[in-house]
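Build out the structure end to end from the sequences listed, making use of the hints.
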Amino acid sequence: MTPTTPTTPTTQDTQTPDKTPAPIVRISDAPTAQGRFGRFGGSYIPETLVAACTQLKEVYKSIQRDERFWEELRDLQTYYTGRPTALYLAARLTANARARASHGHGATILLKREDLAHTGAHKINNTLGQALLTKKMGKRRIIAETGAGQHGVASATAAAHFGLECDVYMGSEDARRQRLNVTRMKMLGANVIEVDSGSRTLKDATNEAMRDWMDSVEHTHYIIGSVVGPHPFPMIVRDFQSVIGQEAKAQCLRHIGKLPEAIVACVGGGSNAAGIFYSFIDDEHVRLIGVEAGGTAIEPGKHAAPLTHGEPGILHGSLSYVLQDKDGQTSDVHSCSAGLDYPGVGPEHAYWKESSRVRYTSCSDDEALDAFLHLARAEGIIPALETAHAIAEGIRLAIEMREDEHVLINCSGRGDKDVEEAARLLKARESD
Amino acid sequence: MTRIETIFRDARQQGRRLIMPFVCAGHTKPDTLVHFLPALQHAGAGVVEIGLPFSDPIADGPVIAAAMHDALERGTTPEQVFNQVAQVRASLDIGLVAMVSVSIVYRAGGPDGFAAQAAQAGFDGVIYPDAPFEEADDLLAAAREAGMTASLLISPTTPAARAEAIAKACSGFVYLLARTGITGERSDAPDVAGRVAALRKATDTPIACGFGISTPEHVRAVVQHADAAIVGSALVKRMSQAEADGQDAVEAAVAFVRELVQAAAEVSKPEPDTGNEPVTESD
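Taken in sequence, the protein lines are chains A and B. For the first sequence, position 60 (counting from the first letter as 1) is numbered 60 according to our numbering, and the numbering increases by one without interruption. Start counting at 1 in the second sequence, then tack on 1000, and there's your number in our numbering.
Source of the hints: derived by calculation from the structure; they are not laboratory data. One or more hints might be untrue.
To be verified - So the derived list for chain A, only partly shown, Cβ under 10 Å to chain B, looks like this: (1) 45; (2) 46; (3) 53; (4) 66; (5) 68; (6) 70; (7) 73; (8) 207; (9) 215; (10) 217; (11) 230; (12) 257; (13) 315; (14) 319; (15) 331; (16) 334.
Every value quoted in this text rests on a predicted model; they were computed, and no experiment measured them. Idealized CB from N, CA, C, for every residue including glycine.
Here you go:
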């Protein structure tokens, strides 16, 4: 793919004039009422789930002007999640990047500390919002799928807070890689259902959660953990996650007096990226970069980068970029990070890619591992392996950018869950 | 009039109810269909629903999902399915309907490309299990354009007005889900009387009922009201079991289909309770 040419604005906050006439519809206006982000998105689901998605759409519409709903959510974010999360100037990471940059280069690196949110990742932003919706709909049970276990933990946490029943589907391979989070979910009172079908990872957990929902829609809400799935999920999850970007924007204006020149986030399903990008989508001079899991190689089965290496296709209810074979069968994927180990991506990212608003790239397992250690040792922050992908690309960008510029990296989650797996991978690498 | 329409019209006129077995292409043997389709016709099936295997069939329970994975592991592709159908089509009178995920349709040339290939191979109709009404315009039009019928699903969770609209959009037959949830065997007989009666008021299109119809007793319960009973998991499971026991999967399936056909034959009224005049041929 061709990277978008970075635009250099003269003053920040002015809309950069484009060669093409200004679009009547802003990119941030998506989706349509039918859930379309450009040609992507939609709602490809069995009829049994249509009623549930319709109900969700209606309830979500009804709370738009319900001040009490948003007040309750804001209170939860403040007193329970610990928002706003910090905007942190990573001085030693910046210094290290500058040391590798040519003269006058080496941008300042800022971290949006979603790892400091309660439960250790941005996932809680979505689960609290959707759990509140669950209460609104009068349902008593939630289900969730999880890869790295962060969404599972965040769902179990929201369920405990609201007194809801909670079942979490998790691929057995992921459960092995993320044992700590399995234990946390159980401690929180959730039931963890390990999925042994298919590749035993996130895709299969998602299948099972959808199958559960087919038979439990009356009393159960399915809290999808990312900006994927049928309409209205991609929109709802993005909206609940967009608090990240709203805060970051205000924090940047307050602390550095301008918007950052670039924002970097890792992309699996794409919820943390959508959350931080969305508030900046119409600020065309801010470069947005999504980082997918490059795995070990570009051959099929060795990465999890649908936007970088995939093609449009339908998976889990929406049209987006997917990793499929020529017949539409889902391909195997690989990433060192369980949270990125998914063959699809949110439809809004596909739209942002095709409209060239966001540049998508990937970084390898090795680069992510290096960044994981680098951040831990330079700043005393152990990031999630997912997040480490964004850190790696953020550092790479900072080295190329000018010294007076700023790059904001979404530090989407903390890495406690990953330390054992990272240690195993580092050891394996040493003995190679 | 398409073959599917003719089959249902004749059955109604003769007071017969149809058994629609579901078979997953490529399950148990790479060329299952070549042997299976003639045997099913012989056993008395009216229309056969042929599932194109998909890696992530979210509406399917463990039995059909495993059959699909089995078929994919032996490399089953839509192209092979088309070839096998083409090979036996000319020798058969039964209706052949493809059950296919939109994920596959999208890759196999989109709605038009897929429908053209399916019709060319000899399919008489298509069922789109994961395309709700709102996303189905192109799919329905493409099937009709190719001379096939197109069926969408109606669920117990579908509100009445929506069910009517879906039924009107379907051609050939309406696929009425006997239950919520995924495909799979159940112990209790489904109660579809009310929903069938409501649909009859809105449409003349025949109603085929599926999901969780596992026994001759379930078939009897369903065809009291509906024009046809679709049996999937219970049949697929017998095939898998026979294969595991070193027996002939096709034989096992055929024996079961005979039982189901017999059960359907026990429920024979001059007309199903359509509440309407018999469908008359228009051409």
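> Holds or violated: residue 230 (chain A) as interface residue toward chain B, Cβ cutoff 10 Å?
Replying inline: Since chain B brings a Cβ to about 9 Å from residue 230 (chain A), closer than 10 Å, the hint holds.
>> Just to be careful: measuring from the Cβ of residue 68 (chain A) to every Cβ in chain B, is the smallest value less than 10 Å?
In response: Since the shortest Cβ distance to chain B is 29 Å, the answer is violated.
> Is the hint on residue 331 (chain A) kept, meaning its closest Cβ partner in chain B is under 10 Å away?
Replying inline: With Cβ-Cβ at 9 Å, under 10 Å, it holds.
> Measuring from the C-beta of residue 53 (chain A) to each C-beta in chain B, is the shortest one below 10 Å?
Replying inline: holds, 9 Å
> Any CB of chain B closer than 10 Å to the CB of residue 215 (chain A)?
Replying inline: Holds, about 3 Å.
>> Next item in the hint list is residue 257 (chain A). Is there a CB on chain B closer than 10 Å to its CB?
In response: violated, 47 Å
> Should the hint that residue 315 (chain A) touches chain B count as held when the rule is a Cβ pair under 10 Å?
Replying inline: holds, 6 Å
> Does residue 70 (chain A) meet its interface restraint, that is, does its C-beta lie within less than 10 Å of any C-beta in chain B?
Replying inline: violated, 29 Å
>> Tell me if the interface restraint on residue 66 (chain A) is satisfied: Cβ within less than 10 Å of some Cβ in chain B.
In response: violated, 24 Å
> Does residue 73 (chain A) meet its interface restraint, that is, does its C-beta lie within less than 10 Å of any C-beta in chain B?
Replying inline: Violated: closest Cβ of chain B sits about 28 Å from residue 73 (chain A), beyond 10 Å.
>> Given residue 319 (chain A) as an interface hint, is its Cβ closer than 10 Å to any Cβ of chain B?
In response: holds, 7 Å
> Once the shortest beta carbon distance from residue 217 (chain A) to chain B is found, is it less than 10 Å?
Replying inline: Given a least distance of 6 Å, the restraint on residue 217 (chain A) holds.
Going through the hint list in order, the structure does not satisfy hints 4, 5, 6, 7, 12 and 16.
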